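Number of protein chains: 2
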Amino acid sequence: MKKEMFGHEISVLRDTFRRLLHRKAKTNIAKLIKKTHPADLAVIYRFFTENDQNYLFNLISDNEYAAELLSELDESILKDLLEDILPDRIIPIIRNSSSDDQTTILNALPEEKAKAIIDLLHKDEQENIEEMLAYPEDSAGSMMSRDVFTLNEELTANEAIKDLQNQERAEMVFYLYVTNDENHLVGVISLRDLATTPAATKLKDIMIRNFQYVRAETDQEEVAKIVSRYNLLAVPVISNTDEMLGIVTVDDVVDVIREEATEDFLQMAGAGKDREILLKSSWGNAKARLPWLFASWIGGVVAILIIGFFENMVQSIVALAAFIPVIIGMGGNIGTQSSTIIVRGLATGRIDFGNDLKLILKELSVGLILGSLYGLLLGTLAFFFFKEAPILFGVVVGLSICSSMVIATTIGTMVPLLLRKLSIDPAIATGPFVTTTIDILGVGIYFLIASALLL
Amino acid sequence: MKKEMFGHEISVLRDTFRRLLHRKAKTNIAKLIKKTHPADLAVIYRFFTENDQNYLFNLISDNEYAAELLSELDESILKDLLEDILPDRIIPIIRNSSSDDQTTILNALPEEKAKAIIDLLHKDEQENIEEMLAYPEDSAGSMMSRDVFTLNEELTANEAIKDLQNQERAEMVFYLYVTNDENHLVGVISLRDLATTPAATKLKDIMIRNFQYVRAETDQEEVAKIVSRYNLLAVPVISNTDEMLGIVTVDDVVDVIREEATEDFLQMAGAGKDREILLKSSWGNAKARLPWLFASWIGGVVAILIIGFFENMVQSIVALAAFIPVIIGMGGNIGTQSSTIIVRGLATGRIDFGNDLKLILKELSVGLILGSLYGLLLGTLAFFFFKEAPILFGVVVGLSICSSMVIATTIGTMVPLLLRKLSIDPAIATGPFVTTTIDILGVGIYFLIASALLL
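Chains as they are written, first to last, in the working numbering: chain A, 1 to 455; chain B, 1 to 455.
Errors might be hidden in some of the hints.
It does not matter which identical chain is used: a pair holds within one copy or between any two.
Claimed, not checked - Calculated lysine-lysine pairs in the DSS-like style (CA-CA distance at most 30 Å, straight line):
hint, residue 1, residue 2
1, K358, K79
2, K362, K421
3, K421, K280
4, K162, K204
5, K113, K287
6, K24, K358
7, K31, K202
8, K204, K35
9, K280, K362
10, K162, K202
Since the hints were made in silico from the structure, they are not lab data. Model, not experiment: these values are computed from the prediction.
Kindly generate the complete structure, drawing on both the sequences and the hints.
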């Protein structure tokens, strides 16, 4: 029995490969590859140099294995690897790939090379591939598998079973898809229901007519929501004329869910959206993270101008400076809480309806509760510990904390809701925008209140 | 054909239910429920009062539908709903639930009521349920479905197909699980392979012996990693004596992946880990978010003490105060980037091996690159625009920005790695700890450098 290959065991396997690579022990490496799951080899690839990656790949003789490995590789590794492989080697691999993996491989190739390879394929293969490549990226069409077959509704259960047994390509059969004479998808039957039905029953009498489906243009996030909400193993993709184009299977949906979550995590932290950021060099990494830091830099510069403007007040009441970090810190943190709750709620479909005002008011009241509490705490502290400061200093601090926290929850809630209305991914811009805005407003309000009450 | 029911359509359905509820139109509601997918009704439940939720539930006559609805409900709604339902009504629903949903329902009940219900069940049902309840929460054992069956390896393909057709309960059959005479799980066969095999072939000659499995104690995150890495539809759960206990299916894994991501999002933002935070009242919401704000409050207070200590310096060089926000802001933001990248890398298995030092050094060099750049930018700005400040003021600002960013990347990387070593969930404590630490260190370094170079 194969044990779960995580952590420790993957690193043992990686070290074994390293030793064999060092000795250039071709035969042993080829043997070890055969025993390694392509998904595991794809993980180990992350730790090899480009040379070693190419060397290993050339030792894979089984085209199906090679196809599976390619489909599991990280995108950046796949690109580097494919650059060095000749079209003669890629073509048989493409032929052994499922239709969605074909798209992945061809999209990872430099455009000219991809064209050259497509030109070398048979006419019908070309047409299929070009159709797949024409679907928008991240759509159901681009991720679907076309290796499905349909059965006419007039067939009997027995005929369907025979048909099924003759299907070569359709590797992942979960449901049978039933069409009418116009070739429209009209029903779905689970394999299990088929197996337990009397032989002469017609498909149209046992099929479920009320099923979930998506269109080729449906966004992959939407597909993921449907598959996960209804616990499906696969969802059919149909054309605008109701013909069946393919299926999106749950294993691809699992990848989408993970990937979208990772992208949202990175975007919320202002670290780009490249899921493979850990594979980048320090320079590439820094480049991806620079823009959002620039946004926060702008916020910092505005804060400098504001505080600079109140220079004289700071000079006469130095205690004001001491409370700057806590005022922007509390605002920033509660604002991040709000925006995270909203962004995640939008991503998981928990916020989907016209309830925006209610959400904003609720977050505002959370800001008021927590702002009053921490304002009181910090105002009291300011009053008792900064006795040289004006008598109202504690009030200034308390009011500022409270207002900055109320504004922060409101902005943290409104920004993602607004972005969503504008059809911009809420995760992209929420992090940078919210924190920077709160920094500026927090400092501004603090000094405005101070100048109103203390001067 | 049923169209995808998201956004707009769910809200139309909700409004229809509302209208019918308002009129107490029992018959129409019962009809509408029958036409609504339990997963959709579970979403709509979020928008109803407890009274309406109970009223609707009492109109569901189909126990299987009721069981599915309960399994789809949010935990907090499930708890409230179950409190008001009599044991007489719960028992038939429990009998119609899959074994993992039985655990969910019983765990949501008050302990005494759960016990009372278990006591009312048959002896063998009791034993099964008690076994399930004994597995640790969030383990493979607690989420597995026990409705599976195994076949002896000596059976022929034909006998296996007949056996399969007689199985009533096993609703989700993806793979056939093959045992030897000692009842140990020794192989797996896909349904597809079985269907295309000559009738007389023995199972042991076509089964895959090299398959993935998990133990009952395996954590659900680990299960999710295995299912998603190897693109499985289900993974068998086996006992320590290699007997098959059940399977975890991919639809439950999809839920785990979504839920774990949501928990990590909230924890990283210091907003607790309750996925249902949007369902809470403002008070409940504020309570969940208070603790982490307290951590950042402590950080703020320490910053007050530090700046208070350097009071005289601030009074003579007021420009120092103006740069406080940008120094802690830049540090905090780049530190959040680092910790997010590492926490997510740990969660998705991209960081799994003994490469900690390399990771830390890389993040440190990213901090150095970006710190030098922004330090130079801000130092120059300080030099040219704050002419009254001492000549070295620009150097102080530049050096402080750079050091605070380098320290931030290092801490942002080390903290989650360290927490993981201590078997603490890196997401829980990383957010609060990293930001607070960076606030304090940023301010501290700034004033130390200032006092070294300016006094």
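Consistency of the hints with the structure:
no., hint, verdict
1, K358 - K79, "between (47 Å within a copy, 24 Å between copies)"
2, K362 - K421, "within (19 Å within a copy, 39 Å between copies)"
3, K421 - K280, "between (34 Å within a copy, 24 Å between copies)"
4, K162 - K204, "both (17 Å within a copy, 24 Å between copies)"
5, K113 - K287, "within (28 Å within a copy, 58 Å between copies)"
6, K24 - K358, "between (66 Å within a copy, 26 Å between copies)"
7, K31 - K202, "between (49 Å within a copy, 28 Å between copies)"
8, K204 - K35, "between (45 Å within a copy, 20 Å between copies)"
9, K280 - K362, "between (41 Å within a copy, 10 Å between copies)"
10, K162 - K202, "both (14 Å within a copy, 21 Å between copies)"
Comparing the model with each numbered hint stated earlier shows that all of them hold.
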